[in-house]
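Could you build all of it, start to finish, from the sequences and the hints given here?
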Amino acid sequence: GESVGLHLPTLSVQEGDNSIINCAYSNSASDYFIWYKQESGKGPQFIIDIRSNMDKRQGQRVTVLLNKTVKHLSLQIAATQPGDSAVYFCAETPSYGKLTFGQGTILTVHP
Amino acid sequence: DTGVSQNPRHKITKRGQNVTFRCDPISEHNRLYWYRQTLGQGPEFLTYFQNEAQLEKSRLLSDRFSAERPKGSFSTLEIQRTEQGDSAMYLCASSLLDRDNYGYTFGSGTRLTVV
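Quick note, the sequences are listed as chains L and W, same order.
Sequential numbering from 1 applies to the first sequence in our numbering.
Sequential numbering from 1 applies to the second sequence in our numbering.
Each hint should be verified, as a subset may be incorrect.
Claimed, not checked - The calculated lysine-lysine pairs, modelled on DSS-like cross-linking and capped at a C-alpha distance of 30 Å, are:
(1) L/K56 x L/K71
(2) L/K98 x W/K11
(3) W/K57 x L/K98
What the hints assert, rightly or not - If we take Cβ atoms under 8 Å as the criterion, some of the chain L residues that face chain W in the derived model are:
(4) K42
(5) G43
(6) F46
(7) L99
(8) G104
Hint data in this document are derived by calculation from the structure and do not stem from the laboratory.
Just so you know, these numbers come straight off a predicted model, no measurement behind them.
Using N, Cα and C, we set each Cβ at its ideal position, and we do this for glycine too.
Written as structure tokens, this is what we have:
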């Protein structure tokens, strides 16, 4: 069936570096995408979203890029901090219904 | 409003017992979702409601699982005759079907351990 996947299961960076987390999706009907951060023992926390009529959206220290041609989504975190260490998931949905998640990328930020 | 609330946070039960979890969504959200998450995996969709109507159920949801949202507010997820394979984090999320804002806010989950 349709699925959302991540290229890199783990990412280690130094504090202050920029981080890029990638995601490939396969459902061409998806029109809304979300990045979530999940810390151990907690539920997913919304970071940023993007609709399919956009190719870039910026938040505070985070930017999401959407390339519909190659069905690719990325999350850029600027000036990564130790508090950014977590598992990051992308999720997608067609028609704003149920979300389909990828497996996640573990981000580790070293002081 | 304090977000999506789930109770209990943790549940340990013996195999074969029934368990019930509760989810209180964000009050103005009309959609409510249940997901299951095992270690190292992303959340897997189980079912969702729009108001009190159950709109979709995953094929993952066996007949031992039942969910209700009787008044379009809180929801319960019941698992009958629990099995060790049911051990997981059960997540609830809510969203608002609105042109400009969708939400998709998750609760902290209920961690189920079947022994």
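Against the structure, the hints come out as follows:
{"no.": "1", "hint": "L/K56 x L/K71", "result": "holds (14 Å)"}
{"no.": "2", "hint": "L/K98 x W/K11", "result": "holds (26 Å)"}
{"no.": "3", "hint": "W/K57 x L/K98", "result": "holds (10 Å)"}
{"no.": "4", "hint": "K42", "result": "holds (6 Å)"}
{"no.": "5", "hint": "G43", "result": "holds (4 Å)"}
{"no.": "6", "hint": "F46", "result": "holds (6 Å)"}
{"no.": "7", "hint": "L99", "result": "holds (6 Å)"}
{"no.": "8", "hint": "G104", "result": "holds (6 Å)"}
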